[in-house]
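J.: Sequence:
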Amino acid sequence: MDLKTRAVSFFFSQYVHHSLTSSEKFQPGSFEYLPSLYAQGDPDGPLVTIVHAAALASYANVGNVPSWTLESYRLCGLGILKCRLALGNPVEAKSDDVLASIMLLGFYETLALKGREAMKAWSQHMLGAAALIDFRGPSQFQDRSSIQMFLQIRRLIVLSAYQLQKPVPFSLKKWSTWLECANAGENCEVVHLANRLSEIVETLASVRSLIKASKTGEIGDILYMLLPIDNMLQSWQDQLPMSWRPVPHPACSFEDCSLHSHFEGRPFEVYPDLYIASLWNNYRGARILIHEMLLSTAISTSMTTVIDSKQLRTTINLLHQMSTEICLGVNYHLRPGPNVSSYKSSGHQIRLGTDSIPGGELLVWPLFMAGMLPTTTPERRIWISNHLRRIGTSLGIGLALSMCQTLCHESDTIPFSHSELWTYGDCRAEGACR
Numbered sequence: 001m002d003l004k005t006r007a008v009s010f011f012f013s014q015y016v017h018h019s020l021t022s023s024e025k026f027q028p029g030s031f032e033y034l035p036s037l038y039a040q041g042d043p044d045g046p047l048v049t050i051v052h053a054a055a056l057a058s059y060a061n062v063g064n065v066p067s068w069t070l071e072s073y074r075l076c077g078l079g080i081l082k083c084r085l086a087l088g089n090p091v092e093a094k095s096d097d098v099l100a101s102i103m104l105l106g107f108y109e110t111l112a113l114k115g116r117e118a119m120k121a122w123s124q125h126m127l128g129a130a131a132l133i134d135f136r137g138p139s140q141f142q143d144r145s146s147i148q149m150f151l152q153i154r155r156l157i158v159l160s161a162y163q164l165q166k167p168v169p170f171s172l173k174k175w176s177t178w179l180e181c182a183n184a185g186e187n188c189e190v191v192h193l194a195n196r197l198s199e200i201v202e203t204l205a206s207v208r209s210l211i212k213a214s215k216t217g218e219i220g221d222i223l224y225m226l227l228p229i230d231n232m233l234q235s236w237q238d239q240l241p242m243s244w245r246p247v248p249h250p251a252c253s254f255e256d257c258s259l260h261s262h263f264e265g266r267p268f269e270v271y272p273d274l275y276i277a278s279l280w281n282n283y284r285g286a287r288i289l290i291h292e293m294l295l296s297t298a299i300s301t302s303m304t305t306v307i308d309s310k311q312l313r314t315t316i317n318l319l320h321q322m323s324t325e326i327c328l329g330v331n332y333h334l335r336p337g338p339n340v341s342s343y344k345s346s347g348h349q350i351r352l353g354t355d356s357i358p359g360g361e362l363l364v365w366p367l368f369m370a371g372m373l374p375t376t377t378p379e380r381r382i383w384i385s386n387h388l389r390r391i392g393t394s395l396g397i398g399l400a401l402s403m404c405q406t407l408c409h410e411s412d413t414i415p416f417s418h419s420e421l422w423t424y425g426d427c428r429a430e431g432a433c434r
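Residue 326 in the UniProt record's numbering sits at position 326 of the sequence shown; the count goes up by one each step and never skips.
These are computed hints drawn from the structure, not numbers from a lab.
Hints are not guaranteed to be accurate.
[Stated by the list, open to error] Straight-line alpha carbon distances no greater than 16 Å define the calculated EDC-like cross-link-like pairs of lysine to aspartate or glutamate that follow:
| hint | residue 1 | residue 2 |
| --- | --- | --- |
| 1 | Lys310 | Asp273 |
| 2 | Lys212 | Glu199 |
| 3 | Lys174 | Glu199 |
| 4 | Lys173 | Glu199 |
| 5 | Lys82 | Asp97 |
| 6 | Lys82 | Glu92 |
| 7 | Lys4 | Glu71 |
| 8 | Lys82 | Asp42 |
| 9 | Lys173 | Asp134 |
| 10 | Lys94 | Asp143 |
| 11 | Lys82 | Asp44 |
| 12 | Lys174 | Asp134 |
| 13 | Lys94 | Asp134 |
Full structure from sequences and hints, please.
T.: As structure tokens, this is what we get:
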């Protein structure tokens with residue numbers, strides 16, 4: 001079995017929770033559509049090349065093999081050239097293969113993270129994906145695979161706007177309208193609720209951008225702009241169906257627990273599926289951004305008299321609550337997934353017997369946000385950094401290892417309102433926290 005085949009088999013085992021089936025329901029996770037696109041793709045096309053680059057980058061990180069990393073760089077460069085050629089063809093540019101390729105180029109930057117420029121490049125790839133979605137038009141939502149790919153990219157585009165502290169592309173609202181009109185079948189409720197949350201976080205990204213541009217330091221002005229958005233988020237949560245709500249799961253007895261099987265002696269929570277779990281963490285992340293900005297502004301300006309003590313207590317308690325809820329979902333995300341590493345490539349059947357944790361990728365940013373909060377205790381920060389290290393070493397995500405290193409050094413803590421947090425990458429991922 002050649003190196004690329006082993007790398008792709010590893011990549012799918014770690015990033016795909018379920019292969020797409022004939023079921024009408026969305027499959028959980030982020031990359032469920034990828035194995036079928038890869039299997040049907042042109043061996044010389046951009047998607048296959050970029051899958052090889054991403055797979056080899058993650059495989060190299062896990063095995064700590066520099067020569068594989070260098071080969072992944074070469075393949076990534078080749079994939080970019082092939083993408084440029086494909087984008088020059090109006091028909092090919094609208095294909096799922098090209099959109100998935102652009103998204104994977106961004107994901108590659110988080111795998112092979114080397115300095116802050118990598119995160120800036122990631123954001124640029126997300127903006128490129130946004131332009132491509134606009135170009136593809138409303139007819140792109142023809143099947144579950146296309147819809148699921150769009151939902152993943154939309155989440156990443158909003159995260160990119162958070163990182164750059166810029167407003168989301170104006171077209172995002174239009175895309176949500178397109179999606180509402182698509183035939184989502186049994187997934188109508190999921191699409192509707194995901195769209196509503198997306199609209200709120202789009203507003204939050206725009207307001208944060210406005211606060212940054214205006215350089216306002218008045219806590220009263222910031223309260224006026226952010227609290228209505230926080231109320232909208234609370235209303236969204238209140239309207240969720242009972243079937244979406246996490247259910248406490250009895251924790252194992254302490255003496256039987258390993259590092260990754262309990263959290264402060266509290267029951268973990270389970271969710272209907274990974275996609276709903278990721279929506280919950282998107283909601284929590286948005287509320288964290290709001291209240292961390294309120295807290296950091298109040299502290300930095302020494303204007304705690306302007307923000308009354310009740311509001312300050314509410315903010316601190318909510319930050320602690322959101323952090324706790326993210327941590328209580330870690331066990332669900334990191335439970336071993338079914339073995340989906342079987343796929344056919346060039347007539348070979350490949351199987352990996354090792355456990356996979358395909359939900360780990362969805363946890364990277366929520367865990368980091370929870371760990372960077374000023375309200376997070378040193379003990380909880382260590383717990384979070386250990387899980388980021390596990391995700392980074394198991395899935396080969398350089399960004400997770402870099403985040404782990406950041407949390408290991410308390411002096412590196414930067415408020416979310418500081419733009420450098422979101423392009424943090426000066427510390428090398430290689431060897432982080434090992």
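J.: Starting from the hint list further up, note which numbers the structure goes against and sort them upward.
T.: 1, 2
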